[in-house]
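Each protein sequence line maps, in turn, to chains A and B.
The opening position of the first sequence corresponds to residue 12 in our numbering, with each subsequent residue numbered one higher.
The opening position of the second sequence corresponds to residue 12 in our numbering, with each subsequent residue numbered one higher.
Wrong hints could be hidden among the right ones.
[To be verified] Straight-line C-alpha distance at most 16 angstroms; calculated EDC-like pairs for lysine to aspartate or glutamate:
(1) A:K350 - A:D335
(2) A:K210 - B:D404
(3) A:K152 - A:E338
(4) A:K306 - B:D207
(5) B:K309 - A:D207
(6) A:K423 - A:D407
[As the list claims (entries may be wrong)] Simulated coverage check for chain A against chain B, where a stretch passes if three residues somewhere in it have a Cβ under 8 angstroms from a Cβ of chain B:
(7) 116-122
(8) 322-335
(9) 389-400
What the hints contain is simulated information worked out from the structure, not anything from laboratory work.
From the three backbone atoms N, C-alpha and C, an ideal C-beta is built for every residue, glycine too.
Protein chains: 2
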Amino acid sequence: MAKLAVPPLFSLRHFLVLSLALNVSLILRTAYYESGEGSKGFCLKKKMMVDVDSDVIDKSRLAISSSTSSLVNSTRSAGRERVINLDHGDPTMYERFWREMGDKTTITIPGWQSLSYLSDVSNICWFLEPEFAREVVRLHKVVGNAVTEGRHIVVGTGSSQLILAALYALSSPDAAEPISVVSAAPYYSSYPSMADYQKSGLYKWAGDAETFDKEGPYIELVTSPNNPDGYRRQAMVNRSQGLLIHDLAYYWPQYTPISSPSDHDLTLFTVSKSTGHAGTRIGWALVKDEEVVKKMTKFIELNTIGVSRDSQFRASKVLKAVSDSCEQENSQDEESFFKYSYKIMAQRWKQLRAVVDAGDMFSLPQFSPAFCIFFGHETEPQPGFIWLKCEGDIEDCESFLRGHKIITRSGKHFGASPKYVRISMLDTDGTFLQLIDRLSAIQERE
Amino acid sequence: MAKLAVPPLFSLRHFLVLSLALNVSLILRTAYYESGEGSKGFCLKKKMMVDVDSDVIDKSRLAISSSTSSLVNSTRSAGRERVINLDHGDPTMYERFWREMGDKTTITIPGWQSLSYLSDVSNICWFLEPEFAREVVRLHKVVGNAVTEGRHIVVGTGSSQLILAALYALSSPDAAEPISVVSAAPYYSSYPSMADYQKSGLYKWAGDAETFDKEGPYIELVTSPNNPDGYRRQAMVNRSQGLLIHDLAYYWPQYTPISSPSDHDLTLFTVSKSTGHAGTRIGWALVKDEEVVKKMTKFIELNTIGVSRDSQFRASKVLKAVSDSCEQENSQDEESFFKYSYKIMAQRWKQLRAVVDAGDMFSLPQFSPAFCIFFGHETEPQPGFIWLKCEGDIEDCESFLRGHKIITRSGKHFGASPKYVRISMLDTDGTFLQLIDRLSAIQERE
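This is chain A alone, in the form it adopts within the complex:
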């Protein structure tokens, strides 16, 4: 693939002046959003949002390969009256890379292929496609972000299913009471509901790991880099009876320096965040203990009788393309997937920090650079989410931003203060630029 031009950091002043002027002349369109399941759910928006989303996507495509003026135009067309939804981390940002890759990751599946439930009956995880397993091992080797030797691979319908499978596998059906499940705040907003929605007698959400003081066994979810705030993490509760699940969905070079291969008992990854193929619903676990592998496999057998073979086939091809792009980078005029996505993320974080630093209404986490063994030089953490704090009098940052038609997820869902919100950094260029435009306008106005 030829190198793609990342849009240069345009002049903020130029952008804002143009954008504000154009905004005034825009015909106001009726825009509203309906909250279905509350701000945590996916069902936020009905008819209207389809229109909004597809419009934004079209506009962003126009903007993608062109200059500042077309970026401004795209923002203008979408308009500030429109709701932009950055509540969930939908990784549509990566679409451009995969379009540019052309046919390299196109899959073709004939109608008679993979009819059987079974992928590999010689494996404990009988629904794991051998080709997918090979590409997982290869990619971890290429990137250097996980030890795969001495590990079994368990494939899941996204890493969500694997979190549940791991809770099931690490708990005991004979225990007198459910095992406590903890994670340090701010923790991933779905952990509490995932642990409790079934009212399971096996495990139970027990809140913030930092204040957890109950005796006996527990399961700690260690998310690193952390969702929502992007910081690197280690287990917080330091006791002998702890069982750890390492959720490393964002431990990839575009988000954080890869300091060393992760080397834990049970580690989770997903294509949603590594390559952007969220709709494919494929995650994987690297698991040391064979008994845990058996129980996780049993969980997935009872839950969904395995994992889509079509999706595993597609994920194999995508992971292969990523590894190939890394290995060929030096030999050909190509840019690896990670270099490409690192550059976009770097650009976005630069723009974001510039806007936030221009006023005093908001603040962002601060990170230290570190040596990345994948890139071979120091890199800066640039998380997939913004963990934004509203400074001053604004107590409910989510409501405040909703007033400006920016949908975010309140800090309270992450076990944190409502002065914080989580905002996706992985949406299309068009949506991201609208976010920047609006944050800037808010600081100008207030």
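We have chain A; now place chain B onto it with these hints.
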């Protein structure tokens, strides 16, 4: 597709004499099987069975398009020393049809397609692909097996996930105790584990619906035609506080006469059994009550954040091809998917009944023919499973058949007597013929 020749019913005597003679001259191969999770699980067999399965598949392909002598040869090559596993209903029988269809159901997905989690944000079930939903409605109209008007469609990772989603949706988080889940024996062997593996405080397996006498609300799973025995069913518990889940995985013309469109509150179907695409892991629910739709959607959101979009795309194409084959049957020299599969099933049941009736060791369920609105004439039920009874002194039919290297699932897992076993009828031609050969040999010998 040109009409395929179904192998004629060969002379059983000829087949048996040849087969027995050849069997004697076979070099005994080392064959064993290991039980991983017990006879109920998918992890039955390790290395050996991979070999067995692939061998059987190769042999069956040879046998498929040819005459009696090659069928005999195929059985001979596979040998009676080999373990044949008919414990689970893996629908590999349909492979031949899909091969003959050529490119009609081949899917091609470019690498940049369906990156997003979201399929259709205008739908409560936001992860449902609109194209898949349209093909579901169309197929039910073409076949006449379900009313779709006034129903929402919820897609699931196979119908297993939808059963769990339905249990979650129909139970109440505020109830004093878990709601009872019942089904009339013999019931699908996975129902008890599916209801209880999470030790949920929402619902709890309460056994055979026929003997259920507890007061208060309950959920009844009505499987029709029933897995394992193939009989048509209605709800057994007849009380006002019952919530019903109709599992109609086998309510398709190749298995049972379609008497009228099913018309229930919550009905489940799956591509695994209708078209044979088990590896694709796609099922769907037709649901009347919007609140139930919301809760089922929430369950799938927390469980797997949606359902593979690639698999939905593939399933759409497959369902479309099935509907097309039905609509084009009269106008062109083509055979519909259901006519084709009905003929194979009829042939298999004829062969099976001939073998079983030739001795007095085994017995089979008896069915009455009925008018099928799809075919426009009377048809006979011909279930996807054999519910075989060992007559006489054999108390443990599963162990007995295991001694003859036929792996089946014991009646005890279905809440029935161990004198019964369930045997898949949906395997390859080669494996099915080996089954017939062995049942015949057993009756000759004993």
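| field | Contradicted hints - numbers only | value | 2, 9
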